[in-house]
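Student: Let's have the full structure, built from the sequences with the hints guiding it.
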Amino acid sequence: MTVQSTSPQFKQNATRALNDAQLQRALGNVKQGFIDKRQMAADKLPEFEALRDSARDIKNHTLEHLDLYLEAYEEKVRSSGGHVHFARDAAEAREIILSICREAGAKTVTKGKSMISEEIGINHHLEANGITPVETDLGEYIIQLRNELPSHIIAPAVHLNATQVEEDFRRVHTHLDAKRDLSEPVQLLTEARAVLRERFLAADVGITGANFLVAETGTSIIVTNEGNGDLTQILPKTHIVLASIEKLVPTLEDVSQLLRVLARSATGQELSVYTTFSTGPRRSADADGPENYHVVILDNGRSSMLGTAFEEMLRCIRCGACMNHCPVYHAVGGHAYGWVYPGPMGAVLTPSLIGVDKAGHLPNASTFCGRCESVCPVRIPLPKLMRHWREREFERHLTPATVRSGLKLWGFFAKRPALYRLATRAAMGALALAGRRHGRFAWLPMAKGWTKVRDFPAPQGETFQQRWKRERKGASA
Amino acid sequence: MSSRDDIFANIRRSLGVKGSETIRQQIVADRLERSPRGVIPKRGQVSGEERIALFKTMVETSLATVTEVASAAEVPQSIALFLRNHNLPATLRMGDDPRLKAMPWADTALEIAHGPSEGRDLNAVSHAFGGIAESGTLAMVSGPENPSTLNFLPDNHIIVVSAKDIAGDYESVWNRIRFAYGKGSMPRTVNFITGPSRSGDIEQTLLLGAHGPRRLHVVVVRD
Numbered sequence: 001m002t003v004q005s006t007s008p009q010f011k012q013n014a015t016r017a018l019n020d021a022q023l024q025r026a027l028g029n030v031k032q033g034f035i036d037k038r039q040m041a042a043d044k045l046p047e048f049e050a051l052r053d054s055a056r057d058i059k060n061h062t063l064e065h066l067d068l069y070l071e072a073y074e075e076k077v078r079s080s081g082g083h084v085h086f087a088r089d090a091a092e093a094r095e096i097i098l099s100i101c102r103e104a105g106a107k108t109v110t111k112g113k114s115m116i117s118e119e120i121g122i123n124h125h126l127e128a129n130g131i132t133p134v135e136t137d138l139g140e141y142i143i144q145l146r147n148e149l150p151s152h153i154i155a156p157a158v159h160l161n162a163t164q165v166e167e168d169f170r171r172v173h174t175h176l177d178a179k180r181d182l183s184e185p186v187q188l189l190t191e192a193r194a195v196l197r198e199r200f201l202a203a204d205v206g207i208t209g210a211n212f213l214v215a216e217t218g219t220s221i222i223v224t225n226e227g228n229g230d231l232t233q234i235l236p237k238t239h240i241v242l243a244s245i246e247k248l249v250p251t252l253e254d255v256s257q258l259l260r261v262l263a264r265s266a267t268g269q270e271l272s273v274y275t276t277f278s279t280g281p282r283r284s285a286d287a288d289g290p291e292n293y294h295v296v297i298l299d300n301g302r303s304s305m306l307g308t309a310f311e312e313m314l315r316c317i318r319c320g321a322c323m324n325h326c327p328v329y330h331a332v333g334g335h336a337y338g339w340v341y342p343g344p345m346g347a348v349l350t351p352s353l354i355g356v357d358k359a360g361h362l363p364n365a366s367t368f369c370g371r372c373e374s375v376c377p378v379r380i381p382l383p384k385l386m387r388h389w390r391e392r393e394f395e396r397h398l399t400p401a402t403v404r405s406g407l408k409l410w411g412f413f414a415k416r417p418a419l420y421r422l423a424t425r426a427a428m429g430a431l432a433l434a435g436r437r438h439g440r441f442a443w444l445p446m447a448k449g450w451t452k453v454r455d456f457p458a459p460q461g462e463t464f465q466q467r468w469k470r471e472r473k474g475a476s477a
Numbered sequence: 001m002s003s004r005d006d007i008f009a010n011i012r013r014s015l016g017v018k019g020s021e022t023i024r025q026q027i028v029a030d031r032l033e034r035s036p037r038g039v040i041p042k043r044g045q046v047s048g049e050e051r052i053a054l055f056k057t058m059v060e061t062s063l064a065t066v067t068e069v070a071s072a073a074e075v076p077q078s079i080a081l082f083l084r085n086h087n088l089p090a091t092l093r094m095g096d097d098p099r100l101k102a103m104p105w106a107d108t109a110l111e112i113a114h115g116p117s118e119g120r121d122l123n124a125v126s127h128a129f130g131g132i133a134e135s136g137t138l139a140m141v142s143g144p145e146n147p148s149t150l151n152f153l154p155d156n157h158i159i160v161v162s163a164k165d166i167a168g169d170y171e172s173v174w175n176r177i178r179f180a181y182g183k184g185s186m187p188r189t190v191n192f193i194t195g196p197s198r199s200g201d202i203e204q205t206l207l208l209g210a211h212g213p214r215r216l217h218v219v220v221v222r223d
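Those sequence lines, one after another, are chains A and B.
1 is the number of the first residue of the first sequence in full-length UniProt numbering; add one for each residue after it.
1 is the number of the first residue of the second sequence in full-length UniProt numbering; add one for each residue after it.
By construction, these hints were calculated from the structure, which means they are not laboratory data.
Among the hints, erroneous ones may be present.
[Claimed, not checked] Below, simulated DSSO-like cross-link-like pairs (lysine-lysine); rule was C-alpha separation at most 30 Å, straight line:
id, chain 1, residue 1, chain 2, residue 2
1, A, Lys-237, B, Lys-101
2, A, Lys-44, B, Lys-183
3, A, Lys-415, A, Lys-384
4, B, Lys-42, A, Lys-37
5, B, Lys-183, A, Lys-237
6, B, Lys-164, A, Lys-44
Computed from a predicted structure; not experimentally measured.
Tutor: Right, dumping it as structure tokens:
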């Protein structure tokens with residue numbers, strides 16, 4: 001694995017994130033913006049729920065016939081003059097891309113936003129081989145300057161504030177007047193536009209991801225708001241598309257269904273500003289466009305998810321709605337998850353790709369409130385899949401000993417209802433007695449993690465079951 | 001075993017299939033052949049004036065501007081006026097589109113350049129393949145008539161679209177593309193454009209003019 005994972009240190013990462021005032025301020029933007037915008041877009045389209053069903057069904061159908069759609073797609077790309085390469089894992093994908101870049105004599109490579117390029121760690125590999133990769137999505141450009149990973153799949157720099165961006169621009173754009181005014185976000189945008197315009201025009205190769213691949217026509221699709229992906233793919237001589245196997249959809253009609261839910265779920269737009277359908281290299285009469293068109297199709301563990309409970313995760317279209325609505329993501333941000341994919345989708349996907357032994361904390365970082373599933377445009381049962389990982393983690397004895405023995409103890413009582421009632425009654429009585437003066441505990445044995453940041457309310461002496469019984473009796477009387 | 005064969009073998013092993021099953025092959029061939037439509041929002045299923053009105057409303061929702069002219073002959077004057085109103089220089093780049101070429105540009109003071117953009121043009125005009133009322137989207141196809149670089153490099157992009165080419169939904173545009181290019185074939189690039197370039201990457205504040213055009217202006221031609 002090339003991108004170093006800090007997922008095993010999730011707890012430490014989360015603690016650090018919770019104490020980072022700057023990060024907490026930036027995360028406020030997630031809660032405010034995305035949720036309302038998505039809701040408004042969904043409300044404006046009466047067919048939105050039906051489209052979600054349709055999107056789910058299209059993805060399921062494609063996954064069930066993935067081998068055949070991949071073959072059909074491959075043939076179409078070839079017949080339109082493009083090349084298709086298959087990569088089993090990250091290392092193979094990196095080598096394929098490097099050799100295409102070398103063949104093109106590339107010095108600089110522009111890049112459209114691609115989570116898969118983060119997954120395979122292509123930037124470091126190109127740099128190590130003397131080729132300069134330039135991220136062109138504004139958010140990706142900013143985090144590249146900071147040598148960070150994206151903290152959100154559609155808003156990579158959502159963890160930063162404008163003043164931090166200003167500092168980075170002053171540090172890196174040293175050819176510009178040191179006294180220039182960068183106090184407004186629009187000034188930062190204008191500066192990035194001018195700096196990156198020169199990069200676009202000079203690039204030898206452009207690498208983009210793909211939101212979808214269409215089997216019917218051999219087409220790759222990118223969706224952006226900035227237009228950076230398009231400048232990345234039409235200006236250089238060579239365009240490389242980097243996509244994973246589950247991006248396939250059968251037809252242009254099918255992709256139209258998915259597009260209707262993608263932007264609405266992601267940013268609340270009717271459609272993203274630029275939805276671009278690319279098929280092969282430039283045609284003989286064309287005045288612009290790339291002369292070479294390569295598609296690198298990555299597996300990296302995905303084919304093994306087919307036919308398992310985690311096949312449903314392969315429906316994901318990377319809209320980010322699950323993390324936008326996640327209370328855990330709101331609290332700790334994306335970097336705490338420790339690898340490429342954060343939030344609920346990351347908590348399910350990361351253990352599949354790098355192993356539950358490394359990423360076992362992630363499916364535990366959930367309150368199981370179910371908001372992620374309720375907004376997922378392709379209806380992935382994210383909480384259920386996180387629960388599957390928890391079970392596997394437990395079965396494989398990866399859960400810490402304290403948690404295991406605690407669960408065992410609870411299991412012992414839970415299987416013996418009479419004993420359970422007796423024990424809880426005793427415990428509630430004792431806690432009520434101990435806490436009767438203040439009504440709360442500022443300290444409890446074995447609960448320091450809780451009481452350090454908030455008080456634990458003292459029980460009133462009755463168990464839930466006792467109270468339930470009493471109130472039922474009262475109601476029927 | 002090559003990586004390709006290995007990946008296909010693993011997909012088939014996981015799915016519990018061989019790949020040679022006739023039924024599966026038929027299902028796939030059938031879907032690719034018939035390309036069935038899914039859920040089409042009612043919103044776009046309107047015709048005539050209503051459809052054009054919806055298109056214009058949705059174009060404005062996407063933060064682009066839109067105007068209407070009675071005939072193709074009025075397009076140059078309309079564009080000249082747009083540029084003047086925004087204090088933009090009277091220059092304009094365009095491709096070889098015969099519909100644009102036939103317009104009376106000489107009646108204006110506009111300085112016209114032809115061919116793809118090298119990245120230093122302020123203004124460009126393209127002719128759309130069609131419009132989509134459902135979302136206020138312009139469908140552009142690549143080629144010498146309307147080079148794709150004109151859609152992205154200039155600061156101000158003007159798109160001309162014929163009222164008769166405005167469809168209700170995306171699917172209708174795909175039908176026309178198939179009619180023009182053949183089933184299963186596509187132009188090198190189809191751009192769906194819905195508004196001017198923007199970014200929300202700095203503190204989730206919406207800013208126009210990220211890497212593509214800062215302004216998008218649409219001219220609907222009746223006739």
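Student: Hint by hint, say whether it matches the structure.
Tutor: Now the hints, each set against the structure:
{"no.": "1", "hint": "Lys-237(A) / Lys-101(B)", "verdict": "29 Å, holds"}
{"no.": "2", "hint": "Lys-44(A) / Lys-183(B)", "verdict": "33 Å, violated"}
{"no.": "3", "hint": "Lys-415(A) / Lys-384(A)", "verdict": "23 Å, holds"}
{"no.": "4", "hint": "Lys-42(B) / Lys-37(A)", "verdict": "22 Å, holds"}
{"no.": "5", "hint": "Lys-183(B) / Lys-237(A)", "verdict": "28 Å, holds"}
{"no.": "6", "hint": "Lys-164(B) / Lys-44(A)", "verdict": "26 Å, holds"}
The structure does not agree with numbered hint 2 stated previously, though it agrees with all others.
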